[in-house]
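Protein chains: 2
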Amino acid sequence: MPLSAIEDQQILDEIVGKVEAISEIEPGRYAVRIALAAATVGTDPGQLINMLFGNTSLQDDVTLHDAEIPEELVRGWGGPHYGLAGLRKRTGILSRAFTCTALKPQGLPPEKLAELAARFARGGIDYIKDDHGLADQSYSPFAARIAAITEALGKVERETGHRAHYVPSVTGTLDAAVRQITDACHAGIGTFMVQPMILGLSSFHRVVEANPGVAFFAHPALAGASRIAPALLFGKIFRTLGADAIVFPNLGGRFGYSPDTCREIARTALAPWHDLEAAIPVPAGGMTTDRVCEMLDFYGADVMLLIGGALLDARERLTEETAAFVGRVKDYRYG
Amino acid sequence: MPLSAIEDQQILDEIVGKVEAISEIEPGRYAVRIALAAATVGTDPGQLINMLFGNTSLQDDVTLHDAEIPEELVRGWGGPHYGLAGLRKRTGILSRAFTCTALKPQGLPPEKLAELAARFARGGIDYIKDDHGLADQSYSPFAARIAAITEALGKVERETGHRAHYVPSVTGTLDAAVRQITDACHAGIGTFMVQPMILGLSSFHRVVEANPGVAFFAHPALAGASRIAPALLFGKIFRTLGADAIVFPNLGGRFGYSPDTCREIARTALAPWHDLEAAIPVPAGGMTTDRVCEMLDFYGADVMLLIGGALLDARERLTEETAAFVGRVKDYRYG
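As you go down the protein sequences, you meet chains A and B in turn.
The first sequence begins at 819 in the working numbering and counts up one residue at a time.
The second sequence begins at 819 in the working numbering and counts up one residue at a time.
Calculated directly from the structure, the hints in this document are not laboratory data.
Idealized CB from N, CA, C, for every residue including glycine.
Check each hint, because a few of them may be wrong.
[Stated by the list, open to error] Covered, in the sense of this in silico footprint (three residues per stretch, anywhere, with C-beta under 8 Å from a C-beta of chain B), are these stretches of chain A:
#	segment
1	832 to 843
2	909 to 918
3	950 to 962
4	986 to 1000
5	1082 to 1096
[To be verified] A few chain B positions that, by computed beta-carbon distances, are all more than 12 Å from chain A:
#	residue
6	E825
7	V850
8	G872
9	N873
10	D878
11	V880
12	A885
13	A966
14	G979
15	A994
16	H1037
17	H1092
18	G1104
19	E1112
20	R1151
21	Y1152
[Said to hold, decoys possible] To give an idea of the chain B side of the interface with chain A (calculated C-beta under 7 Å), a few residues:
#	residue
22	L821
23	A823
24	I829
25	G860
26	L876
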């Protein structure tokens, strides 16, 4: 919008974005700080990302590096229902890292997924999340998957006393996601995974808001290519909209995030920020049991380690491999 | 998922993705063709993008270049309700390019926006879309905007016989978008703009499906940075989900799309594809009236030209500038 086309002085004063600072970071590369009017966002999360990076995403030499979000917006959205402290309390896992694995491959029917889940649970795992590729597919419909897996995990709990928490992935439209959560809550599930960039940020927050007793894992699907700094998108935006735990690609796995990027994501997710609960960092992607100590050295105790394929690759020894993973996390000397 | 962890032969045969071809395009850069099982998508648009580029978006050296979408999915989603042919029929604009402008700046109250709309309409413009920054903000709530603008445009129509079509931007959650469309349809609006990458692809398609009499403009907000080829995302995916017209950054404006990219977007949107209606290409972003002939030389008649800020910049001569723009489009000698 050409400024010369704006006749209203109040809009020029109060609504038009203002360049507050430009500094050269390195030759030809600049940090630019722009002030936007909070009134342009209202209270809609989709409109937040629209104002921050809607059209600017079309400029292929611009990266959204960071954003300060007004206190009243952050407090209004409210952040995680549980977060780190709440999930520690809910699970009784007070001082160590959490463990997590993933159910896959796609194509398995519900009873086979339930069988895998039971074997993970017998190994003592804390959380079992759906692979992010599992949706409401014909070979494994959501409702049938929930029923089979909750039954299998209930049986393990009755036999061993250990309760593994199943985290199904909710997908589709807002309506479908809400329906899936309602149905699964009736079956006793209390934690769900969402892909905020595919569901849409506004709908993600609506899902969180509509389910106050529930904890949410945010999955980064489609988020990686957005030229939005991951620490901002995951550690601030996903968190302020309600992610209790944020899954992201760990360094040295099959994705390309650097140690600095990973450290910054974890730091931002956990840092005190507008009195929100902290979100638990969940580094993942090609992780293996022999990297547990290295990862705990790097992240400390306030982390959830997620190993999926490498445990499944143990096949008939899946329960033992899971127990070995869990054992390493429990036995680690937290500093 | 390590293949060695998959025990089920049917999954290995029918579900696991298959690398069909790898060819070196230039030193160090490869085109890789991968076959995915349609069953992994089901019929959910969000799951389509999840399978195509969910986790792969996290690989920062990979671009999603193109995709063939199975006939049954494309036909099931159904594409544009009107498309090029339908909007030509609905508007009576049979052989020339369409004209469009944008209402802004943000911060104007509904009556001021309505006044601008009326002046555009007196200049003979075909479509007046909301700036993509307009949402349901306190200074211009959606319902009040709709009421003021439809009244103003109705008055111009009664006085001049010319009907300009207002295209409000619908935002927020799926529920909010559906409510906005329902209310605006009652006020006589028949065309809406959606930002599919912010609303979420699944919800975008649900909005389209729920409103069979309505035409949709797709806006590229947040889509630019996704390392998904624009011709695929706009010309195929947005189109198959129901976009009648697709807004994209034109070459030589304030965004960086190349002539080849723009030509490919327009070509893909218009090309015969699975019997879908063609979507109208809407190049935009810093366009001016003196570029009309050049743009029509480039795109031909099957296009909608969108000039926003440059018309608004004429201020008291807005109606005359609009008429000059419309005149150039009408007088152009289409080949």
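To see whether the hints hold, each was checked on the structure:
Requiring three or more residues with a Cβ within less than 8 Å of a Cβ of chain B, the coverage given for the segment 832 to 843 of chain A holds, as 3 such residues are present. A count of 0 residues in the segment 909 to 918 of chain A with a Cβ less than 8 Å from any Cβ of chain B is obtained; the coverage claim is therefore unmet, three being the minimum. With 7 residues bearing a CB less than 8 Å from a CB of chain B, the segment 950 to 962 of chain A meets the requirement of three and the coverage assertion stands. Chain B is given as covering the segment 986 to 1000 of chain A, and this holds because 6 residues of the stretch bring a CB closer than 8 Å to a CB of that chain, at least three being needed.
Residue count for the segment 1082 to 1096 of chain A with a Cβ under 8 Å from a Cβ of chain B: 0. That is fewer than the three needed, and the coverage hint is violated. Residue placement check: E825 (chain B) does not keep its beta carbon more than 12 Å from all beta carbons of chain A (closest about 7 Å). Interface exclusion of V850 (chain B) from chain A stands, the closest Cβ pair being 15 Å apart, more than 12 Å. Not every C-beta of chain A lies more than 12 Å from that of G872 (chain B), the closest at about 3 Å, which undercuts listing it as non-interface.
Residue-level check failed: N873 (chain B) sits 6 Å from the nearest beta carbon of chain A, not beyond 12 Å. Chain A draws D878 (chain B) into its interface by the beta-carbon criterion, the shortest separation being 5 Å against a cut-off of 12 Å. Not every CB of chain A lies more than 12 Å from the CB of V880 (chain B), the least distance being 8 Å, so the non-interface label is violated. Here A885 (chain B) stays apart from chain A, with its beta-carbon at least about 14 Å from theirs, past the 12 Å limit.
Even its closest Cβ contact with chain A, about 16 Å, leaves A966 (chain B) beyond 12 Å, as expected for a residue assigned away from the interface. Every beta carbon of chain A lies more than 12 Å from that of G979 (chain B), the smallest distance being close to 28 Å; the non-interface claim holds. Listed as a non-interface residue, A994 (chain B) fails to keep its Cβ farther than 12 Å from every Cβ of chain A; the least gap is roughly 7 Å. The Cβ of H1037 (chain B) does not lie farther than 12 Å from every Cβ of chain A; its closest approach is about 8 Å, which violates its non-interface assignment.
Every C-beta of chain A lies more than 12 Å from that of H1092 (chain B), the closest at about 22 Å, which supports listing it as non-interface. Distance check for G1104 (chain B) against chain A: the nearest CB is about 9 Å away, which does not clear 12 Å, and the non-interface claim fails. With a minimum CB-CB distance of about 20 Å to chain A, E1112 (chain B) clears the 12 Å threshold, and the non-interface call stands. Interface exclusion of R1151 (chain B) from chain A stands, the closest Cβ pair being 31 Å apart, more than 12 Å.
For Y1152 (chain B), the condition that its CB be more than 12 Å from all CB atoms of chain A holds, with the nearest at approximately 29 Å. A least Cβ separation of about 9 Å between L821 (chain B) and chain A goes past the 7 Å threshold, and the interface hint is therefore violated. For A823 (chain B), the shortest C-beta to C-beta distance to chain A is roughly 4 Å, which falls under 7 Å, so the interface hint holds. Annotation: interface hint on I829 (chain B) holds; nearest CB of chain A at approximately 4 Å, less than 7 Å.
The interface hint given for G860 (chain B) is met, as the beta carbon of that residue sits about 5 Å from the closest beta carbon of chain A, less than 7 Å. Against a cut-off of 7 Å between C-beta atoms, the interface hint on L876 (chain B) holds, since the closest Cβ of chain A lies about 3 Å away.
Checked against the numbered hints above, the structure violates hints 2, 5, 6, 8, 9, 10, 11, 15, 16, 18 and 22; every other hint is satisfied.
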